[in-house]
Amino acid sequence: MMPPDSPPVAVPAPDIAGLAPSTPPGLVALFVAFAKMSLAGFGGVLVWARRGIVDQHRWMTADEFNETFALCHFLPGPNVVNLSVVFGSRFRGIPGGLAAFAGLLGPPVVIVTVLAALYARYGEIDALRRILAGVSCAAVGLLISALFRMMMPLIKRRDLIGLVIMATVFVAIGLLRLPLPAVLLVATPLSIAIAFFIRRRATS
Amino acid sequence: MNSDTNPILSLALTFGVMSLFAVGGANAAIPEMHRLAVDVQHWMTDKQFADVFAISQLSPGPNVLIVTLIGYSVAGVAGALVATLAMCGPTAVLAYCVSRLLTRSSHSRWPAIIQAALVPLSIGLMGASGLVLALTADRSWAGALVTAVAAVLAFATRLNPLWLLLAGGCLGFAGVI
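Sequences listed follow chains F and R, in order.
Quick note on the numbering used here: the first sequence kicks off at 1 and runs consecutively.
Quick note on the numbering used here: the second sequence kicks off at 1001 and runs consecutively.
Derived from the structure by calculation, the hints contain no laboratory data.
Computed from a predicted model, the values in this text were never measured in an experiment.
Positions of the beta carbon are idealized from the N, C-alpha and C atoms, including for glycine.
Worth double-checking, as some hints may not be accurate.
[Stated by the list, open to error] Residues from chain F shown here face chain R by an in silico Cβ test under 10 Å; the list is partial:
no. : residue
1   : P24
2   : G26
3   : L27
4   : A29
5   : G52
6   : L190
7   : I194
Sequences are here, hints too, so could you generate the full structure?
Laid out in structure tokens, this is it:
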């Protein structure tokens, strides 16, 4: 229902009076909270992270959450993992970051490793191959729908430059299969420069 | 690059370096994972990559855990752990350092500018992921149709994505795809 790992655009969560936390969470609470979000998160943890942190525990306001997530989104690496570390360390320093990181990754890594072992052992069974083939077709569909959800704001704003940058990256990586580091080393500075000049023209 | 190097070491290096370029999350990094795992390192076939993606979508947790599955297929449990930590560790340290720096300095407008600049990049990367995965997963017209229907349903309705994955699995089991 939400694009996996995408910025929380245009989803105004119910912001109750704006005031966040009562008590800052301890290490065990951080571990347990992130483990729960992670295990609930099929096809993306972000929705559950927002629900847990903002709505359920009130550890952050919706705005604080958006700001923290924006930071984690523009840094490289898995966004939700970055979020867990930044969030945990904000309350309990480095141990807090580690507790949230371990909670987010530990339990699902165990599950996925068991699944990997089962796949390595039974992956050649015909029925399982057919099931996985079907699941992967549907999973690609989910990814494409997330993609269109992310594109909608650009289309609505008629952000032509954004769409051109997007299409160029798509062609370079998807069609020409150029290596990611090379593409990003060219595209990132260019895109930042363009964004900078657009802002400057808009404000002056 | 060559097969006589230690597989654990090459997993750590491959994913550790790649994570630093993984702008826009794990799903945006899929073409690069595919390029490295299938074309460069020959860790797995195209079909295995599609399977591993399907398993990672079926299981709970962040999408990045596809690297756990790739790691396992290369070097068992140790490979799974090393790949996961290599993919998540360095960028987590980076995120921690940057967030410390930013909370100390006052609100600058650079984060907003950089973020605005990175949004189209990460959408382009996700689009490439969709293409690469569609080419590996959709082996038939029926498969492509399932992908298209799942995309439309997930876009237009608030259906839990798990139902779509299960429906795809049932169609696959029935031999439709």
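Per-residue hint verdict: I194(F), partner chain R, C-beta under 10 Å
holds, 7 Å
Taking 10 Å as the limit, does the beta-carbon of L190(F) come near enough to a beta-carbon in chain R?
holds, 9 Å
Would the hint on P24(F) stand, with a C-beta cut-off of 10 Å toward chain R?
violated, 15 Å
Do the numbers back the hint for G52(F), that is, is its least Cβ distance to chain R under 10 Å?
At about 14 Å, which exceeds the 10 Å cut-off, the nearest Cβ of chain R leaves the hint on G52(F) violated.
May I ask you to test the interface hint for L27(F) with respect to chain R, counting a Cβ-Cβ separation under 10 Å as satisfied?
violated, 16 Å
Does A29(F) pass the interface check with chain R, least Cβ-Cβ distance below 10 Å?
violated, 19 Å
Under 10 Å, Cβ to Cβ, is where G26(F) needs to be relative to chain R, so tell me if that hint holds or is violated.
violated, 19 Å
Checked against the numbered hints given earlier, the structure breaks hints 1, 2, 3, 4 and 5 and satisfies all the rest.
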